[in-house]
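**Q** In case you want the letters, here they are:
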Amino acid sequence: MAKLYPAKPEKVYFFGTCLIDMFYPDAGMAGIRLLEREGIEVIYPQGQTCCGQPAYTSGYHDQSRQVAEAQLDLFPGDWPIVVPSGSCGGMMREHYPQLFAGTARAEQAQAVAERIWELTDFLLHVCQIRLQDLGEPMRVTLHTSCSARREMRVADAGPALLQQLDNVELVEPERATECCGFGGTFAVRHEQVSAAMVSDKVQALSATGAMAFATTDCGCLMNIDGHARKEQQPLSGEHIASFLWRRTHPAAEDSR
Amino acid sequence: MSSQEAVRHFHPRARDALNNPRIRQNFRRAMDGLMQKRATALQDHDTEALRDLGAAIRQRALSQLPDLLEQLEANCTRNGIQVHWAQDGDQACQIITDICQQQGARSVIKGKSMVSEEMELNHHLAEVGITALESDLGEYIVQLAEETPSHIIMPAIHKNTEEISELLHDKTGTQRSQDVDYLTASARAQMRQAFQRADVGLSGANFAIAETGTLCLVENEGNGRMSTTVPPCHIAVTGIEKVVQHLADVPPLLSLLTRSATGQHITTYLNMITGPRKAEEQDGPQAVHLVLVDNGRSDIYQDDQLLDTLRCIRCGACMNHCPVYTRVGGHTYGTTYPGPIGKILMPHLLGLEDTRDLPSASSLCGACGEVCPVRIPIPELLVRLRREAVDGDSSRPSVVRGHGVKRHWTEVGVWRAWAWLNSHPRCYRAALRLVMALRFLSPRRLGGWTRYRKAPRPAARSLHQHLLQRNRSSS
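Keeping their order, the protein sequence lines are chains A and B. Heads up, the first sequence is in this note's numbering, so the first residue is 1 and it goes up one at a time. Heads up, the second sequence is in this note's numbering, so the first residue is 257 and it goes up one at a time.
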């Protein structure tokens with residue numbers, strides 16, 4: 001069934017995610033600036049913390065619900081909620097309804113879920129963004145997170161956005177759809193399996209000949225980039241929002 | 257029980273498999289090939305519509321499972337198939353042993369049956385002096401090597417040609433060869449005689465059709481047909497969930513099964529068994545038995561969500577596409593059914609005590625759910641089992657045997673503290689400011705994470721701070 005996209009709204013809420021908040025705030029800022037450049041007013045509720053996913057996938061649903069519940073009141077207006085992560089977006093859109101089913105918050109959780117948008121999907125299909133590349137020619141590869149691909153089903157958006165950049169050559173890695181091995185607490189509970197997966201992913205991304213990769217999720221970024229640095233591989237990554245902003249904003253290269 | 261003991265050691269076995277280049281290579285190569293074959297086989301189909309249909313057929317069958325089983329029994333009986341019910345694996349073994357002994361059987365030839373693996377039938381038969389010989393080539397190899405299957409469709413997929421050649425040489429005197437056709441022919445020659453000598457043929461069943469009382473057996477080697485037609489007695493053993501309502505339900509499921517499993521449009525053999533040899537017929541077994549095994553399945557049936565597990569048609573696509581299975585191989589799981597389906601099925605068959613590390617052994621990447629021909633929401637079921645393992649939801653009681661086995665007070669404490677902090681935004685922001693202020697003290701070593709990765713360093717300012725400051729300076 002084809003997805004229906006709304007007209008570009010006047011305002012959106014931005015749910016920054018806890019990983020971006022602590023480790024990659026530039027990616028959050030880049031996402032906000034990209035939206036603002038499209039003429040959208042971005043509301044960032046200061047009360048936001050985490051979507052609750054770490055506890056959810058670990059089976060601690062009481063705790064997950066407690067944290068998720070604290071997010072539900074942050075978006076009183078009827079605006080879309082944009083999330084720069086397929087994983088957190090997937091949690092809010094796909095799992096909130098189930099998590100709150102049969103509770104007093106069920107209806108509210110359902111309403112929030114229906115307003116969740118992943119950033120790249122929103123930029124491409126709702127904003128219908130047109131990017132003007134200002135950067136030097138370079139080769140880049142992309143890792144689309146499994147949740148962006150399979151939960152949010154927005155895998156087309158990342159490549160489409162990168163292909164708008166005239167000086168960027170996008171190269172696809174071998175086994176592009178395979179997981180990088182992050183999986184939240186999986187990376188710690190099954191550290192060796194996760195390590196084997198991320199090692200293969202770094203190899204596949206490096207084999208494209210690109211020195212840089214972009215990704216739609218900071219979990220994957222932390223995993224892949226962290227492994228590449230540990231192994232002293234020349235590959236380095238950034239969130240796709242940071243990359244897009246840097247390539248298309250005149251002063252962005254300096255302030256990086 | 258030794259097999260249960262074995263299930264508990266996922267971690268050390270995973271480590272061994274990961275450090276074994278041959279295992280890594282054998283699985284990677286095989287799974288890459290299988291993924292490619294599936295994709296090609298489904299090219300000319302509206303895959304999603306076919307999966308919808310497959311899921312609907314299985315859901316419809318499960319929604320009326322008790323009635324369909326009664327109908328199956330009545331129609332099989334009318335066709336001359338003797339139906340037996342087994343509560344668990346031991347009872348099923350006993351039923352089969354009794355039938356064999358009534359026949360005065362000394363040897364059983366087996367077509368491929370994962371349910372017989374589940375109940376360790378060969379072991380039980382050996383205890384009463386009955387020899388069971390596997391006739392599926394993969395199963396035969398695994399039996400010669402005294403191992404268990406590492407894949408539900410391709411039991412010997414963990415071995416390459418060289419290893420198989422060496423094994424056949426050691427055990428049967430076959431000349432060493434890299435020629436697969438030669439090795440196959442040699443196994444085939446051994447098998448021919450065994451078919452003629454066997455007193456009983458044993459097989460599984462892919463589908464049991466309630467309205468006609470027919471057993472469907474899907475296979476490629478012809479060994480299934482031989483096992484079910486040459487010996488004087490045929491015993492089919494299968495799980496109670498394999499029943500479908502109509503004959504017309506079979507073609508779509510068959511189409512999904514073969515394409516998902518091996519990328520074939522149709523298998524070489526499809527056997528439809530609707531009774532023993534009739535008076536005027538020249539061949540076929542004189543007696544056909546059907547043993548319907550529960551072994552924990554009716555417990556799964558009690559729960560609306562877990563019920564989806566029983567839709568499975570055992571194609572193996574979930575393991576073929578699983579990045580964890582591809583790396584650790586089937587034996588790491590220590591269970592009859594490995595891979596994603598094993599992770600959601602085995603906790604019910606063995607209890608969570610013995611399968612405690614299985615539900616967490618997934619990055620929840622969703623590749624399994626994406627290819628499942630009957631749309632089993634495998635990742636959701638993994639999350640459900642993780643919840644059961646820690647009794648993680650006070651408003652939704654746990655039901656799986658051994659639930660709560662992974663609940664530990666330190667972990668509960670950590671999640672409670674995490675939840676408190678993340679549901680008190682002011683405290684969250686204060687904590688974040690503290691982390692940022694002390695960012696140069698942030699630990700360089702974080703257990704399993706930093707053994708393989710550099711630790712990320714907290715930013716100088718959080719996104720919250722960036723935006724707060726921007727709002728202040730603009731107003």
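Keep in mind the hints are simulated off the structure, nothing from the lab. We treat Cβ as the ideally placed atom computed from N, Cα and C, and that holds for glycine. Check before you lean on any hint, since a few could be wrong.
Claimed, not checked - Derived list of chain B stretches under chain A, where covered just means 3 residues or more per stretch with a C-beta under 8 Å from a C-beta of chain A:
id	segment
1	480-489
2	681-691
Said to hold, decoys possible - Here are some chain A residues the structure puts well away from chain B; computed CB gaps all over 12 Å:
id	residue
3	Q48
4	R115
5	R149
6	Q163
7	D166
8	L170
9	R175
10	T177
11	A195
12	I224
**Q** For every hint, state whether the structure bears it out.
**A** Here's how the hints hold up against the structure:
1. Judged by the Cβ-Cβ criterion of 8 Å, the segment 480-489 of chain B is not covered by chain A as claimed, because only 0 of its residues qualify and three are needed.
2. Check on the segment 681-691 of chain B: 5 of its residues sit with their Cβ under 8 Å from a Cβ of chain A, so the three-residue criterion for coverage holds.
3. For Q48(A), the non-interface assignment is contradicted: its Cβ lies about 7 Å from the closest Cβ of chain B, within the 12 Å cut-off.
4. With a minimum CB-CB distance of about 20 Å to chain B, R115(A) clears the 12 Å threshold, and the non-interface call stands.
5. With a minimum CB-CB distance of about 8 Å to chain B, R149(A) fails to clear the 12 Å threshold, and the non-interface call is violated.
6. Taking the minimum C-beta to C-beta distance to chain B, about 24 Å, the non-interface status of Q163(A) holds against the 12 Å cut.
7. D166(A), annotated as away from the interface, keeps every beta carbon of chain B farther than 12 Å; the closest lies near 30 Å.
8. The Cβ of L170(A) lies farther than 12 Å from every Cβ of chain B, with a closest approach of about 22 Å, so its non-interface assignment holds.
9. Remark: the non-interface label on R175(A) conflicts with the geometry, its nearest Cβ contact in chain B lying 8 Å away (cut-off 12 Å).
10. With a minimum CB-CB distance of about 7 Å to chain B, T177(A) fails to clear the 12 Å threshold, and the non-interface call is violated.
11. At roughly 4 Å, the least C-beta separation between A195(A) and chain B is not larger than 12 Å, which violates its mark as non-interface.
12. Against the 12 Å criterion, I224(A) falls within the reach of chain B, whose nearest CB is about 9 Å from its own CB.
Consistency note: the structure conflicts with the earlier hints numbered 1, 3, 5, 9, 10, 11, 12.
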